[in-house]
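Protein chains: 2
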Amino acid sequence: MMAVTLLWRSLVTSRLCGYIILTKRLYSSTAKRIRVRDALNSLETGSIIKVQGWVRSVRSQKHNIFLHVSDGSSLQPLQVVASSDLNTRDLTFGCAVDVTGRLEKSPSKKQSMELQANRIDVVGECNPVDFPFKIKGHHSLEYIRQFPHLRCRTNAFSSLLRIRSQATAAIHAYFRDNNYVQIHTPVITSNDCEGAGELFQVEPAGNEWNLDKENHHFFSVPAYLTVSGQLHLEVMAGAFPAVYTFGPTFRAENSQTRRHLAEFYMVEAELAFTESLKDLMKVMEGLFKTTTENLLSHCAEDVELFHKYISPGNMEQVDLMMKRNFNVISYTEAIDILNRSSEQFTFKPEWGCDLQTEHEKYIVQHCGNVPVFVTDYPYELKPFYARDNQDQPQHTAAAVDLLVPGVGELCGGSLREERLELLRTRLEKAGLNDTYAWYLQLREFGSVPHGGFGMGFERYLQCVLGIDNIKDTIPFARFSHSCVL
Amino acid sequence: MMAVTLLWRSLVTSRLCGYIILTKRLYSSTAKRIRVRDALNSLETGSIIKVQGWVRSVRSQKHNIFLHVSDGSSLQPLQVVASSDLNTRDLTFGCAVDVTGRLEKSPSKKQSMELQANRIDVVGECNPVDFPFKIKGHHSLEYIRQFPHLRCRTNAFSSLLRIRSQATAAIHAYFRDNNYVQIHTPVITSNDCEGAGELFQVEPAGNEWNLDKENHHFFSVPAYLTVSGQLHLEVMAGAFPAVYTFGPTFRAENSQTRRHLAEFYMVEAELAFTESLKDLMKVMEGLFKTTTENLLSHCAEDVELFHKYISPGNMEQVDLMMKRNFNVISYTEAIDILNRSSEQFTFKPEWGCDLQTEHEKYIVQHCGNVPVFVTDYPYELKPFYARDNQDQPQHTAAAVDLLVPGVGELCGGSLREERLELLRTRLEKAGLNDTYAWYLQLREFGSVPHGGFGMGFERYLQCVLGIDNIKDTIPFARFSHSCVL
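Those protein sequence lines, which keep their order, are chains P and G.
Under full-length UniProt numbering, the first sequence has 201 at position 201, and the numbering climbs by one with no breaks.
Under full-length UniProt numbering, the second sequence has 73 at position 73, and the numbering climbs by one with no breaks.
Worth flagging that the hints you see were computed from the coordinates, not collected in a lab.
It should be emphasised that the depicted structure is a prediction, and the values quoted were computed from it without experimental measurement.
Just so you know, nobody snuck in bad clues.
Simulated DEER-style distance windows between Cβ atoms:
id, chain 1, residue 1, chain 2, residue 2, range
1, P, Y309, G, T257, 49 to 55 Å
2, G, T257, P, A430, 35 to 41 Å
3, P, N469, G, P312, 55 to 61 Å
Each residue gets a CB set at the ideal place from its N, CA and C atoms; glycine is no exception.
Take these sequences, add in the hints, and give me the full structure.
Quick look at the structure:
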């Protein structure tokens, strides 16, 4: 530890040497270690405290130095005022310090409290030439993304991480308050869930990979990284009224877009004894609004940083989403809206085809930039588990997507086919009867009407914070050709 | 839906047909849907409610039938009393039902409330011949493990899942209450962290695996499933006072024991500005005790099921752990204790060698079956990141393990080497300087003394509930040769 201890002169009125030494001893033994956030909110002026953190700015005047010290507990740093005697060469932007002194009301309007220091120890130096962030630099999210091991030391990304942590807690709180049981659905699975091709496969490193010979697999069968915990939650919806999972999911998508990651977080919920999409939509809207409300009240300062410097105008967008009821239209109505519009789409909207991103964006705009639920998609577009509406001539399934401004699809859900015979017939047609024998058994023994949905957590953060690139919403981004650290 | 609606006779005093029909209509429109737990705790006798769940027992008498209906909201089912007229062939053990009726005080001492039903709908049948669980069967954990898609429908496993969910919430609450920031550390990583060989590797399914050619990797580099989030948390300990992660971790261990899974959950915490193992031990003991206290108060009934039927005597063990301060001994003292004992060990205890499970068990017993922290392990036994104590002649590192009754090692942690030169030298010796260039940079820019630990979540559950086999603590167990569902 590089201890730099100097006497405190200009801030102590008494110049008696003995008094100063006494004060110093007293300080060392009585200083209470507190966090920057608590120091800023403290009402105890005059108390002797110790703050530990990283220097965000250094300003020297003739007699005094002014530091901003941040410890990650809040966006706002603590201003430290000290005699110039305490200044040293290694007291630079980015270095780590222990600061002891007296907490006082700040004469400046910029902060309520400041720390009048009598001791500053540099515990970890930081060479300002080599450090990729500069004291006066305004670094873009794109620039700091190059330094995944250091970007948490910037204001923007430390705010993001506090928001992400709080949003995670808020989501858990929403489900707990509504008596859901949390289930840790597995990451490694032998299902390829939706029959999609974009799966990661798993084997021990150094194994001789021999995908033809079954007995060479570690798990005896091919094993993949999960793309959804839905089927595992459906197991649990056979014993609990409501369950959820919140964890990592994976897509081996070989593309680099602002909207996709190879590893991302999904919130998924499943409700037993649910017979209507309305029940699901109520939960989705409740989850979105409760979580956002929680964020706005617990992370106001951090959210403001994004709305002020990164996505101006997004606060009004968030206000609007919070105030208004989400819209509900059917897929068939959505196609009608698109066909009646004068917009030139790259893909012609047509009943029976998936909505493209351009279509989703138009529909959200058409609905006044308030989120829209689109319900009852063509039966043939939806996976085997979606509940057959048994309607005609336009045959639909009881599925619902939630489209939001800026992002497009945020949530997707459906009622699940709980009727054994209908499910069996559909799986037979797809040649999946054996693979999903266990899934059929769920319908054989005490089957109940049920349904659920998934919400992309990073897309949620993009939507609320107005973050353009999904890579800036996650601590360590994984995408094709990139797995740093 | 198989609706079975019959009139309610023996429980309704009035025999006027008109009154009964009126009552029925009234019931259908006014019945409030509530959960079994809320029904059991309700004080509103006489209210008309609807309960939805699964039948756990059926008992017929001459005039009445008695059902136990469970919906997963509590271990205790709700007793339903109805006229025999409401009995039907498909009202069997395991079937799903909607029950409407009047909530009344139960004349029996076994439950406080019962539901006097006037309508029972079987919504999902359950063929009792094919259903693997039987109405009077006492199925062992080992037996039900064969049915991973159905075992949540047994009392024991639904209790386990409620406890697991509550323990998860309690762990999050502990860290939130202590102002930790939660970090989602990545599952896919290019680190092989501890240089261990037991890693899973990841590539897209159907990819031509060619481990020699770098350009064939999806991520451009070999990518693995994480064995620990520690190094990623250390990144964050350069910007936050305290961080934690709680998620899945992986070991490709080709063994089938009662103590190992290929996919399991770890709680990991990292504290900045931490200079003593005492700080870490305080957090570990606090986490263990606070979580356990929370479980005992919120899941009393579910925990009791385990302590009564599955691990008799474990409640006393838990009481003892909660009451007493955890012991602290050094590794060197532990070796002395082992060498002084009259026990015949398979492996001779020797300074410089790892403690074997038999040694760990002996030490816990020696300490009166109270958890023991063992500190300051031989330097050479610990990974590169453990902080050098710079002592002699017995050269140790500032590492600590927590040993607990029944399980052995529950937590492992250390102070981390924050001194750039010492770390660089050690990494150079191991030839890892290039691989961990980013990790060295953490020490170059504002390094702080820090430390952390990890706790195996399933082992925690094993310890508190007295569960012998780790496979019975996780919703879907993954181990060598087994990845069902």
